[in-house]
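Enquirer: When you get a sec, could you build the whole thing from the sequences and use the hints?
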Amino acid sequence: IAGITQAPTSQILAAGRRMTLRCTQDMRHNAMYWYRQDLGLGLRLIHYSNTAGTTGKGEVPDGYSVSRANTDDFPLTLASAVPSQTSVYFCASSRESGANVLTFGAGSRLTVL
Amino acid sequence: AQSVSQHNHHVILSEAASLELGCNYSYGGTVNLFWYVQYPGQHLQLLLKYFSGDPLVKGIKGFEAEFIKSKFSFNLRKPSVQWSDTAEYFCAVTANNAGNMLTFGGGTRLMVKP
Numbered sequence: 001i002a003g004i005t006q007a008p009t010s011q012i013l014a015a016g017r018r019m020t021l022r023c024t025q026d027m028r029h030n031a032m033y034w035y036r037q038d039l040g041l042g043l044r045l046i047h048y049s050n051t052a053g054t055t056g057k058g059e060v061p062d063g064y065s066v067s068r069a070n071t072d073d074f075p076l077t078l079a080s081a082v083p084s085q086t087s088v089y090f091c092a093s094s095r096e097s098g099a100n101v102l103t104f105g106a107g108s109r110l111t112v113l
Numbered sequence: 114a115q116s117v118s119q120h121n122h123h124v125i126l127s128e129a130a131s132l133e134l135g136c137n138y139s140y141g142g143t144v145n146l147f148w149y150v151q152y153p154g155q156h157l158q159l160l161l162k163y164f165s166g167d168p169l170v171k172g173i174k175g176f177e178a179e180f181i182k183s184k185f186s187f188n189l190r191k192p193s194v195q196w197s198d199t200a201e202y203f204c205a206v207t208a209n210n211a212g213n214m215l216t217f218g219g220g221t222r223l224m225v226k227p
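Residue numbers (our numbering), protein chains in the order written: chain A, 1 to 113; chain B, 114 to 227.
Just to be clear, a hint being listed does not mean it is correct.
Output of the computed footprint for chain A on chain B, the stretches with three or more beta carbons under 8 Å from beta carbons of chain A [as the list claims (entries may be wrong)]: (1) 129 to 139; (2) 175 to 181.
Here are the simulated DSBU-like cross-link-like pairs (lysine-lysine), alpha carbons at most 35 Å apart as the crow flies [unchecked claim]: (3) B:K182 / B:K171; (4) B:K171 / B:K226; (5) A:K57 / B:K182; (6) B:K174 / B:K226; (7) A:K57 / B:K162; (8) A:K57 / B:K226; (9) B:K171 / A:K57.
These are computed hints drawn from the structure, not numbers from a lab.
Think of the CB as a built atom: it goes at the ideal place given N, C-alpha and C, for glycine as much as any other residue.
Expert: This is the structure in C-alpha cells:
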C-alpha cells in the first residue's frame, strides 16, 4: 500500500540523548515535511524538503535537523533532546512543493524526560 | 504575523445537530485553503480543499466549506453531524506570499454525543 511509513511509533527518551525519527515514502513525491503537533497549537512545520538534496527551515526548526539524501527518505534528528520536544511528530509528503495536498504518516509520539 | 485562526478549540454536539467550525487567515494575495481531519488514533487526512472557482466546496462525508475572500474566512459546515464525525479538525492555508508553505490552525476538537 502506497504511503508514508514512520518509525518509531512511540519512544520515551532521556533528556540530552540523540534521537532520529525515520520517514519513508513510496509515492515518489518530491516534497517532504516534518510537523510537530501540540495541543492547541495545531501542526507546526519544523523542516521541509522541496526535492532530494535540498532542505529548508520551517516555523520551529531549532533543535532539529534533517537530511534528504534521496527521494524516499527524510529523517528528522534531535541532536540533544529536551523536554519541550515532547510531542507527536508527523511526516508528510506532496507531489510537488506549494499548493498541494499532503499525505501524512501515522505519527511518532516522542516523550522526553 | 501571518496566521490561521480557529476560534473554537472544543465543540460538543448531539447527533443530527448542525456544525459550523470557523477558520480565518491573515494572508494576503492568492491563497489555497484546506480542511484536514484527524479521527481518534488515526493520521490526518484531507477533508476538502479550495484552489479556485466556486467558493463553496464539497468534501467527503457531507462536509462543505465556503471561501469568503472579503472576510478572510473558510468555515467548515455540515448540516447534520454523526457520532462518527468525532475527530479533530484542522484548517490550513498556503499563500503565494508566504512561500506556499502549508500553515495550520490550532485545531478544533469535535465530540458528537450519540
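Enquirer: Are any of the numbered hints broken by this structure? If so, which, sorted upward?
Expert: Violated hints: 1, 2 and 8; rest satisfied.
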